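Protein chains: 4
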Amino acid sequence: MTEEIGVGMVGHAFMGAVHSHAWRSVHRFFDVPLTPRLAALGGRDAVRAKEAADKYGWAAVETDWRALVARDDVQLVDVCTPGDTHAEIALAALAAGKHVLCEKPLANSVAEAEEMAAAASAAAERGVRSMVAFNYRRVPALALARRLVAEGRIGDVRHVRAVYLQDWLSDPESPMTWRLRREKAGSGALGDLGAHIVDAAQFVTGGLITGVSATTETFVKERPDGAGGRDEVTVDDAAVFLARFDSGALGTFEATRFALGRKNAMRLEVNGSRGSLAFDFESMNELSVFSSDDGPESGFRRVLVTEADHPYVGAWWPPGHLLGYEHTFTHEVADLLTAISEGVDPAPSFADGLRVQRVLAAVEDSAGHGSAWTTIGDTR
Amino acid sequence: MTEEIGVGMVGHAFMGAVHSHAWRSVHRFFDVPLTPRLAALGGRDAVRAKEAADKYGWAAVETDWRALVARDDVQLVDVCTPGDTHAEIALAALAAGKHVLCEKPLANSVAEAEEMAAAASAAAERGVRSMVAFNYRRVPALALARRLVAEGRIGDVRHVRAVYLQDWLSDPESPMTWRLRREKAGSGALGDLGAHIVDAAQFVTGGLITGVSATTETFVKERPDGAGGRDEVTVDDAAVFLARFDSGALGTFEATRFALGRKNAMRLEVNGSRGSLAFDFESMNELSVFSSDDGPESGFRRVLVTEADHPYVGAWWPPGHLLGYEHTFTHEVADLLTAISEGVDPAPSFADGLRVQRVLAAVEDSAGHGSAWTTIGDTR
Amino acid sequence: MTEEIGVGMVGHAFMGAVHSHAWRSVHRFFDVPLTPRLAALGGRDAVRAKEAADKYGWAAVETDWRALVARDDVQLVDVCTPGDTHAEIALAALAAGKHVLCEKPLANSVAEAEEMAAAASAAAERGVRSMVAFNYRRVPALALARRLVAEGRIGDVRHVRAVYLQDWLSDPESPMTWRLRREKAGSGALGDLGAHIVDAAQFVTGGLITGVSATTETFVKERPDGAGGRDEVTVDDAAVFLARFDSGALGTFEATRFALGRKNAMRLEVNGSRGSLAFDFESMNELSVFSSDDGPESGFRRVLVTEADHPYVGAWWPPGHLLGYEHTFTHEVADLLTAISEGVDPAPSFADGLRVQRVLAAVEDSAGHGSAWTTIGDTR
Amino acid sequence: MTEEIGVGMVGHAFMGAVHSHAWRSVHRFFDVPLTPRLAALGGRDAVRAKEAADKYGWAAVETDWRALVARDDVQLVDVCTPGDTHAEIALAALAAGKHVLCEKPLANSVAEAEEMAAAASAAAERGVRSMVAFNYRRVPALALARRLVAEGRIGDVRHVRAVYLQDWLSDPESPMTWRLRREKAGSGALGDLGAHIVDAAQFVTGGLITGVSATTETFVKERPDGAGGRDEVTVDDAAVFLARFDSGALGTFEATRFALGRKNAMRLEVNGSRGSLAFDFESMNELSVFSSDDGPESGFRRVLVTEADHPYVGAWWPPGHLLGYEHTFTHEVADLLTAISEGVDPAPSFADGLRVQRVLAAVEDSAGHGSAWTTIGDTR
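Those protein sequences? They're chains A, B, C and D, same order as listed. Residues 1 to 380 (the UniProt record's numbering) make up the first sequence, in order. Residues 1 to 380 (the UniProt record's numbering) make up the second sequence, in order. Residues 1 to 380 (the UniProt record's numbering) make up the third sequence, in order. Residues 1 to 380 (the UniProt record's numbering) make up the fourth sequence, in order.
Every clue listed holds true.
Calculated lysine to any residue pairs in the SDA-like style (CA-CA distance at most 25 Å, straight line):
| id | chain 1 | residue 1 | chain 2 | residue 2 |
| --- | --- | --- | --- | --- |
| 1 | C | 55 | C | 28 |
| 2 | D | 184 | D | 110 |
| 3 | C | 263 | B | 309 |
| 4 | B | 221 | A | 292 |
| 5 | D | 263 | C | 297 |
| 6 | A | 263 | B | 278 |
| 7 | A | 263 | A | 168 |
| 8 | C | 263 | D | 293 |
| 9 | A | 263 | B | 156 |
| 10 | A | 221 | B | 152 |
| 11 | B | 50 | C | 3 |
| 12 | D | 184 | D | 225 |
| 13 | A | 50 | D | 33 |
| 14 | A | 55 | D | 34 |
| 15 | B | 221 | A | 246 |
| 16 | B | 221 | B | 361 |
| 17 | D | 263 | C | 267 |
| 18 | A | 55 | D | 307 |
| 19 | D | 55 | A | 341 |
| 20 | C | 263 | B | 315 |
| 21 | A | 263 | D | 278 |
| 22 | A | 263 | A | 278 |
| 23 | C | 184 | C | 173 |
| 24 | B | 55 | C | 32 |
With the C-beta cut set under 10 Å, the calculated list includes, among others, these residues of chain A facing chain C:
| id | residue |
| --- | --- |
| 25 | 144 |
| 26 | 148 |
| 27 | 291 |
| 28 | 301 |
Everything labelled a hint here was simulated from the structure, so no lab data went into it. Keep in mind the model is a prediction, meaning the values are calculated, not measured. Glycine included, each C-beta is placed from N, C-alpha and C at the ideal position.
Here chain A stands alone, though its shape is the one from the complex (with noise of 0.2 Å):
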C-alpha cells in the first residue's frame, strides 16, 4: 500500500459519479505512487449529499465547499460542480495549497480562465498540481492517435474534422435544465462539447488553433419550464466553425445537441501527409489508421486499441476485451497522481484549459461578427 492522499470532490451529480469511481479504483488497476482516500464530499443539500456519499464511498460530507476545501484531510480538491462556480473553489483550493483536479470547461469566461491558470502558475512553483479534466485525452484510442502524430507516422496534418453529435435535445419538448442558461453554463454546445473536440484536436494534432470562423444557433428558442410554463434557452443548441492551426492545417468543428440518432458521436479525423486517423465515441475501442506506406493492398486499419502496449491497456484485460466511459477518468486519476508524486505539472494545465477557452470566445466572438475570422491571440 503506497502513501495516502485525502481527495474532497465538489459536486455528486453525474461527473461526480463517475469521478468517485476512479478515486476508489485507481490503485486497483495501477500501480501508482499514492493511493487515494475518499475524505469528504461537497454538497448544498445535506440530506442529498450524505445519500451521495453512502453510495460513492466517500467517508464524510460537507455542504460548504469551503469547509471541504480547508479540512486537514483534504490534500486534493475534486471540482465537479457546473462552470460558474469552477473558478472560486479552484482558486481557494490552490490558495489553501491544495492540488485541484477541475471539471472541464475550464470556465465560463476568458477572464476567470486566466486568473486560474495565473494562480495554477503560481501554485506549480509551490508543488501544488492542477489538472483541467478533459478526460478523452485518456481514451486509449485517442492517446494511441497523439502517439503516431508525435512520432512522425501521419507526417504533415493537413486537415482535422471534429465533430462532437449529441441529440438529447432534439425534441422540443425536451424540460430547461441548467446546461441551457448562460449564466450557469457559459455556454450550450460550444461549451459542454466543443470544449472536448478543441482540445482532443489540439492535443492529438500537437498544433494550436490560431483562428477561427463560427456560427452558432438555438434552434428551440423557448423548453418547459416544470412548472406549466416555457422558459428561455439562453445558450447555443449548435455551433459550427472553420479554424487554422498554428501547424498549417485546416480544421472544421461541429458540436450539436439536435443530431437525432447521435447519443455521443465525438468523432475526430486528421489527414496528414503520410497518413489518416479517424475516432468516433460510440465505438472509442478502435482507432482507424491508414498509412501511406501500406502499398497497394493500403486501407483504413481498424485497431482495437485494446493491446498490452497500447496506453493505458496494459492495467486492464487481455486483447479484445473493452474498456468503457468511466476509465477514462480512472486513467485520468492515474496520471495525476503520478505527477503529483513525481512534482511535475500534469497535462492538461489550467493553461491548456484556457487555451480551450480562448477558442470558444473567438467562435462566440466570430459568431457575433457576421463570421468574421476571429485570431486567438498569445496561444503557446
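Dock chains B, C and D against chain A, hints included.
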C-alpha cells in the same frame, strides 16, 4: 424499338467514357421513350478521337465541335469537356435547337452560368431541353434520401454535414494537370468536388443555401510540369465552408484532394426533427436511416438500396446485387430522354447549375474577405 | 476492331440479361482479342424470346437450342438455362465444336458433370474451350484475395468461414418456383448458393475440399402454387456443413435463403498463419486484410478494391468509383475471350465445376447419413 | 447501507481480478439488497495471494481453499480456479451451506457437472444458491437480444450462427500454458470459448441444442515449455460443429484461438421468421436488429445498447457512454445477490452449466466418431 435520338458528344476523356456507356446501355435496361444513337464524337485530335469513337461505339468523328453541333443526325449534344468551354458549346447547341446535357460544374463563372441558364430557359420555350450532369442525384441511395425528406420522414432539417474527400493530390510530386489551372478548371477541389456536395445537399434536403462563410487552401503551391520544372498551382487544394439554408438548417462543407486514404468519400449526413440520414459514396449502395419513431431499439438502419421499389433499382438486379458508379449516368440519361419525350424540363436544370455556381462564387468571395458571411442572392 | 466471334445464348431470364450486358460491353472496356457479336438468342417461346433479343441486343432468335448450336454464325454457346438442361446443351455444343460458357452449378448430378468434364477435356484437345460461370471469381476483391494467398501473404490457411445468406424464401407465402423443384434445380440453396461459396473458398485459398459433414433443412415444406393450392418443395432451404481442405484447413459453410435481412451476403473469411481476409458481397468493392507484420497498430485494413493495380480494375474508373454485380460477368467473358484467342484452357474449367459438384453431392450424402464424414474422391 | 454478505474467492488470476472488481463495485451502481464484503481470498502461494488481496481489496488470505470455505465470515464462495478444481470446491462449499458462484465451464467432465448440478439442486432446497459464471449473458446487448426473441420480435428462430474467434495461439512459438493441458483445462478452445457461445446461443434464443456433428483440430502439436524443450498440446486449438435446437433451428458453431486478427470476436447471429439479430463482442455495446416490419427502408439497425431502458444500463451513464468487459461481471453479481436475497434460484444455474457441458461432450464424442450426429439427452 422506340424512336431514335441522335447524340453528339464533345470530349472523350474520363467523362466521355462513362457517358458513352450510358448512351449505349440505357435502353437495354430502362423502357425509355427514345433510343439513343451514338451519332458523332467530337475531339480536336482526329486520331485519338477516332480511337475513342471505335472503342466507345460512336459512328462518326468531328474535330470541330461546331461541326458536331451542326450535324443533322445530332439532336442532343453532350458536353464532356473541361469547364472553360461549357458555355460556348452549350450556348451554340441550344441556339441550334439541340437538347443539351452539360457536365458539371455548369461553367467557370457565374456570368457564364447566368447566360447559359437564360439561354436554357428560352430554349425550353421552344421545346429544347437542357440538363446539368450532377450525376450523384441518380445514386439510388441519394434519390431515396430525397424521397424520405420530401415525405416528411426526417422532419425539419437542422443539420447538413457534407464532405467530399479524395487524396490524389496528397503527394507533392503528383504532377500538374489542367485541373490545377484556374483558367481551365475555374477552381480546384471547390468546383470539382464542392459542386457535387452543394448540389446533393440542396437536392436531398430540398433547401437552398442562402449564405456561407469560407476559407480555402493550396497546400502544395507548385507541382512537376513533366519537363523537369515546376508549375504554379492556381486553384484551391481544399475548400471548407459553413452554410445556412433557407429552411433554417446549418451546414458544414468540405472539399479536398488531400484526405489521405479517402478515395472518393462523398459523404452527406442530414439530421432532422424526426430522423437522420447518412451516406458515403464509398459504400454507395447503402443509406443509413434513423427514425425517432423506432422506439427503444432504434438505431441507424443500414438500408441496402437494392430493392425493386427503390429509385432506379427496378431496372437492374435482384436485392443485394450492387450497382456501381456508371449506373448513375445511365439513370441520368434515362431521365433526360424521358423528359425530352414528355416535353417537360429535366432536373437538374441549368438554373440549378447556376445556383450551385453562385454558392461556389460566394465561397471564393468569403474566403477572399476574411471568411465574412456572404449571402447568395436570388436563390429561388 | 478485333476479329469477331459469334455468340449464341440459350436462356434469357436473369442470367441471360446479365450475360447479354457482358457480351455487349466487354470490348468497350477491355482490350479483348475477340469482339463478341450477339448472333442468336435461344428461347422456347418465340414471342418472349424476340422481345428479349430486341431488349438485350441479339440479332436473331432460335426457339430450338439445337438450331442455335448448329448456326454457322455461332462459335460460342452460352448456357443460361436451369441446371437440368446444362448437360445436354453443353455436350451438344462441344460436340459441334463450339466453345461453351455454362452457368453454375455445372449440372444437377455428378454423373452429368463427369460426362461434361470429360467432353470438355476432349474438346480442349481440339482447341474448343469451355468455362463454368462461377462469376464470383471475377469480383476484384476476391481475385485480390486469391492473389494475396498465392503470394504467401496469408501464410498457411487454417480456417475458412463461408456463408451465402439470402432471405427471399423467409416468408412462407412466397410462391413456388422452378428453383424449389429437385428435378429442375437439382438442389436448393445448396446448388444455387453453396456452389458459389465452395468454388470461391477453393479459388481463394488454392486448396481443395477433401471431406464434409453436413445437414440440410427445408423449413417450409409446401408453398402456394399460384392456383390456390400448395406445391411440395423438394429441395433444401438451407444447407450447413463442416469441411476439411487438402491444405489442412478447417472450414464451415452455410447456404440459406432464410436469413432475414441478408439480401446477398456471400461472405468469406480466411485465417492463415500470417494474415487474414474477410469479404462480404454486400460490400463487394471492399476486402478486409489483416497482416501479422503490421505491428502494434495492426488491424483489419478496409481495402477499397478500386485501384488500377487491383485485378480487373484498371479497365474501369478512378479509385473509389465502385463497380457492381454485372461487372463480374464482363470480367468473366473478357477472360474467356482471351483464353480462346490464346489457345489456353480458361478457368474455372468444367473439371473445376465437377469438383464443386462432388462436394455438393458429398454434402447431400452426409446429410442423408447422419452427418457422417464423407470424403470427396479424386480431388485433383 | 444494506446487510452485508461475506465473500470468499478462490483464485486470483485474470478471473480473480475481474471478479474482485465486481464485488467491490456492485453496490456503488446497483441498489443491491446485499452489500458484498470481500472477506477472504484463497491462493496456494501465501506471498502472491497476499499481494493480490492487497491489490484487489480482500481483507484476509487463505492458502487452503478448505479453510476459506470453512470461515464464518464467508457466506458465498466464488470459484475462479481452473476447471479441474471446480467440482471439489463447489461441492464442499454447497455442503457447507455457502452460496456458490462458479466460473465456466462448470466442470471438466459431464460426470462432475452432474454431481454439481445435483448438489446445487439439493442445496437450493435449503436456500443455498449457486450460479455458473457465463458472464456474456450480462452483456446488455445480449440481454436485449434475449428480450427481443422472448417478446416474439424475431419470430421462430431458424438459424443460429455463433463463432468465438481469438488469435493468441496463432504463433507456433507462443508458449505452453495450463490451458493447453487436458488434465487441467478439460479441453481447449471448445471449453474456453465454445462453452460461451453454446450458452449464449441457448440463452438468447431460448432453445436447447439437441444434437451436434463436430470436428476438432490441434494445429500446433507441441509448444515451447519455457525450458528449451517442447511440450505436447493435449487439447483442441479449434472446434467446429453443426447443431440443431429443439425449436427446429439450425446452428453452426466455431471456437478457435487461431483466427489471426480477431482478438475476442464472440459473434452471434440469429435469423427468425420476423427478424434477425447480430452481435460481435468486439463491438459489445451494439446490437444489430433487423425487423421485417420495417418496410421499404428496412435494414439492420445499429442499436447502441446504452439507453436507460436497456438491460442493466440504467445503473450507469447517459446514452452513448460505453460500458466495457468488466461490467458484465458487475451485472452478474448484482443478479446473484438479488436472487440470494429474494430466495430464488439465479440463472444460469449449475443445471444450465451441465447442459452446456453435455453439448461440449457431444461435440468431442462426434469429433471422435467421424462427425456422426450425436444427440444430447435429457436436455430440459
